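Participant: Each chain, letter by letter, is given below.
Number of protein chains: 2
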Amino acid sequence: MNSQTKINSSLRTVEWKNNKVVMIDQTKLPNELVFVEYNDFNQVANAIKTLVVRGAPAIGVSGAFGLALAALQSKTTTKTELILDLEKAKKILFDTRPTAINLGWGLEQIMKVAHAGTSVNQIKTSIVDEAKKMAEDDININKTMGKYGSVLFENNDTIMTHCNAGALATVAYGTALGVIRATKESGKNVKVIATETRPIQQGSRLTAFELKHDGFDVSLIPDTAVGYTMANGLVNKVVVGADRIVKTGHVFNKIGTYQVATMAKQHGIPFYVAAPLSTFDMKNNAQDVIIEMRKGSEVTGIGDKKTAPDGIGVINPAFDMTPPELITGIITEKGVAKPPFKESIKKLFEAN
Amino acid sequence: MNSQTKINSSLRTVEWKNNKVVMIDQTKLPNELVFVEYNDFNQVANAIKTLVVRGAPAIGVSGAFGLALAALQSKTTTKTELILDLEKAKKILFDTRPTAINLGWGLEQIMKVAHAGTSVNQIKTSIVDEAKKMAEDDININKTMGKYGSVLFENNDTIMTHCNAGALATVAYGTALGVIRATKESGKNVKVIATETRPIQQGSRLTAFELKHDGFDVSLIPDTAVGYTMANGLVNKVVVGADRIVKTGHVFNKIGTYQVATMAKQHGIPFYVAAPLSTFDMKNNAQDVIIEMRKGSEVTGIGDKKTAPDGIGVINPAFDMTPPELITGIITEKGVAKPPFKESIKKLFEAN
Chain A
0 MNSQTKINSS LRTVEWKNNK VVMIDQTKLP NELVFVEYND FNQVANAIKT
50 LVVRGAPAIG VSGAFGLALA ALQSKTTTKT ELILDLEKAK KILFDTRPTA
100 INLGWGLEQI MKVAHAGTSV NQIKTSIVDE AKKMAEDDIN INKTMGKYGS
150 VLFENNDTIM THCNAGALAT VAYGTALGVI RATKESGKNV KVIATETRPI
200 QQGSRLTAFE LKHDGFDVSL IPDTAVGYTM ANGLVNKVVV GADRIVKTGH
250 VFNKIGTYQV ATMAKQHGIP FYVAAPLSTF DMKNNAQDVI IEMRKGSEVT
300 GIGDKKTAPD GIGVINPAFD MTPPELITGI ITEKGVAKPP FKESIKKLFE
350 AN
Chain B
0 MNSQTKINSS LRTVEWKNNK VVMIDQTKLP NELVFVEYND FNQVANAIKT
50 LVVRGAPAIG VSGAFGLALA ALQSKTTTKT ELILDLEKAK KILFDTRPTA
100 INLGWGLEQI MKVAHAGTSV NQIKTSIVDE AKKMAEDDIN INKTMGKYGS
150 VLFENNDTIM THCNAGALAT VAYGTALGVI RATKESGKNV KVIATETRPI
200 QQGSRLTAFE LKHDGFDVSL IPDTAVGYTM ANGLVNKVVV GADRIVKTGH
250 VFNKIGTYQV ATMAKQHGIP FYVAAPLSTF DMKNNAQDVI IEMRKGSEVT
300 GIGDKKTAPD GIGVINPAFD MTPPELITGI ITEKGVAKPP FKESIKKLFE
350 AN
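Note that the protein sequences, when read in sequence, are chains A and B.
Residue numbers for the first sequence follow numbering that gives the first Met the number 0, beginning at 0 and rising by one.
Residue numbers for the second sequence follow numbering that gives the first Met the number 0, beginning at 0 and rising by one.
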């Protein structure tokens with residue numbers, strides 16, 4: 000690891016180590032920090048499927064590492080046969096979570112390297128190098144985003160965040176939490192308020208865990224206390240991640256983001272979104288984005304514990320849409336886009 | 000039970016039956032509907048303490064029923080000794096939850112009857128009658144509130160409610176849910192969306208349970224999905240209860256109410272509060288009301304299941320304040336107060 004990618008957090012979600020893939024088993028958090036080690040791409044596919052690893056950037060790199068394992072596992076002696084083996088593995092890896100845009104992208108990057116290669120051994124080496132580079136790129140993008148974002152925060156700010164856009168959603172460092180890390184690394188003292196983020200509690204299980212692990216002053220609130228904390232002057236800024244941002248600046252992110260942004264606007268609290276350019280969807284309009292509805296049992300119980308009666312309806316959307324008028328700025332690795340977003344987002348891509 | 004107090008709901012939170020107190024054990028909900036029977040005031044005290052019964056109006060009546068049991072239990076032969084026995088029981092009942100305003104009120108009502116009585120037997124009979132009357136009064140107030148409130152709702156409305164202001168918080172029928180019941184009884188078809196209401200899930204455990212039990216079309220959402228459901232046209236009106244309303248129309252209610260009201264305002268959705276006059280605090284100003292902070296373990300876990308790491312801060316306020324500018328109307332047993340609330344609330348009490 001070179002100095003550029005040295006990170007202060009010891010949490011590395013997914014890593015290539017001695018020709019093995021090492022992951023934090025996120026299903027065990029926050030009660031246990033367990034690292035798992037895989038030498039078979041089928042194990043990686045299963046890990047993605049069972050949420051051992053989650054978060055779009057982390058899944059993209061995990062898919063690439065999975066294909067790298069498949070390359071090493073292949074016993075073939077010709078390039079054509081190796082590519083056939085890789086195509087089979089790619090299908091198995093892709094089918095784990097077909098809606099995650101980064102997964103397909105990560106797999107295709109590796110296939111390009113395979114097709115461009117010459118000998119079987121050279122292809123294997125190039126694939127492993129490419130997958131490792133993708134992991135480093137993810138960290139570097141987050142660190143660059145962090146630098147651009149950190150100037151927006153002041154000493155002694157208390158920053159609210161929703162869901163987990165942290166090291167645990169990326170290879171390391173994080174997007175929204177990366178900005179918070181960078182702010183602290185720049186010498187500013189910051190506190191964090193994490194929302195629980197029901198129904199599956201990524202705020203308490205992952206964000207509070209990772210920030211506490213890395214020595215941050217973090218407080219947890221139920222999702223119902225967003226208004227109270229803002230009305231009582233306990234929050235100075237908000238920063239969240241994003242699952243998709245369209246060209247008009249409408250942000251699709253974890254359910255609940257929209258009401259956090261609305262409450263922030265009501266109290267004059269700046270509301271920032273931190274996301275790499277790979278999160279932007281420059282083709283679709285906001286109204287074309289379909290919001291995934293998840294199973295009701297996430298809301299009617301917690302783990303095995305049933306907390307609601309049988310036979311009721313449940314509305315459980317995974318995401319909501321925050322309109323651009325509630326957003327103060329969008330932090331990317333190419334700088335911070337400010338309103339009007341239609342123009343500022345266009346400029347981010349022109350500069351690319 | 001006379002025809003005036005006949006209720007459609009079969010859920011009666013607390014009842015006097017054959018010189019015993021019968022309660023729904025709310026700690027068993029939503030998984031089991033269990034009725035418990037007490038013939039000793041100490042059992043009633045313990046029930047209040049352990050949340051077998053909760054909700055300010057229900058606790059007030061439970062306290063009165065507890066004192067009625069104490070009167071029947073007393074072996075004394077003089078009025079003076081009976082009153083001494085009642086004072087001892089009153090202290091034990093009061094100390095269960097000393098902050099609930101209705102509990103003290105309910106106990107004092109019974110003591111007045113005791114002091115006004117003549118013979119031991121006459122006092123015992125009067126106390127039982129008074130406690131039973133208090134229970135009936137609670138239902139009648141809720142039904143009157145329901146009638147005033149029902150005209151505000153239209154056929155095919157979907158009504159959102161937060162927390163539990165239902166039969167289970169009162170003797171029966173409910174305040175906010177009483178208004179919803181009355182709307183349905185008036186022949187209008189309504190659906191309900193219940194918020195989960197973290198941290199202790201009175202929305203899923205109690206509101207969804209009681210509405211499902213009584214045949215309503217009820218859907219549950221996580222607290223994070225309030226904005227989504229409103230933005231997507233799934234909610235026409237909101238009605239909630241209140242723990243305290245001050246003379247300026249600032250409403251103190253379960254944590255999360257303020258953000259539900261803010262989101263409703265943002266989407267032009269009418270936001271109503273349903274509460275009896277006994278909920279109004281005409282002495283204190285909004286800024287003088289102290290908001291109870293509850294233990295962090297309610298947020299860091301659910302039941303026995305730990306969902307957050309150790310050693311983090313937790314902010315867990317029981318209530319928040321909704322300012323009058325977010326409120327469309329306050330439904331009481333004396334009619335509906337509309338803005339400007341300072342005047343309309345004053346009028347409610349003048350008409351009294």
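By construction, these hints were calculated from the structure, which means they are not laboratory data.
On a predicted model such as this, the values are computed, not experimentally measured, just so you know.
Watch out, some of these pointers could steer you wrong.
Subject to a maximum C-alpha distance of 30 Å in a straight line, what follows is the list of computed BS3-like cross-link-like pairs (lysine-lysine) [said to hold, decoys possible]:
id : chain 1 : residue 1 : chain 2 : residue 2
1  : B       : K333      : A       : K190
2  : B       : K305      : A       : K183
3  : B       : K333      : B       : K346
4  : A       : K304      : B       : K27
5  : A       : K190      : B       : K27
Participant: Hints first: check each against the structure and report whether it holds.
Facilitator: Each hint, compared with the structure:
{"no.": "1", "hint": "B:K333 <-> A:K190", "verdict": "violated, 48 Å"}
{"no.": "2", "hint": "B:K305 <-> A:K183", "verdict": "holds, 29 Å"}
{"no.": "3", "hint": "B:K333 <-> B:K346", "verdict": "holds, 10 Å"}
{"no.": "4", "hint": "A:K304 <-> B:K27", "verdict": "holds, 13 Å"}
{"no.": "5", "hint": "A:K190 <-> B:K27", "verdict": "violated, 39 Å"}
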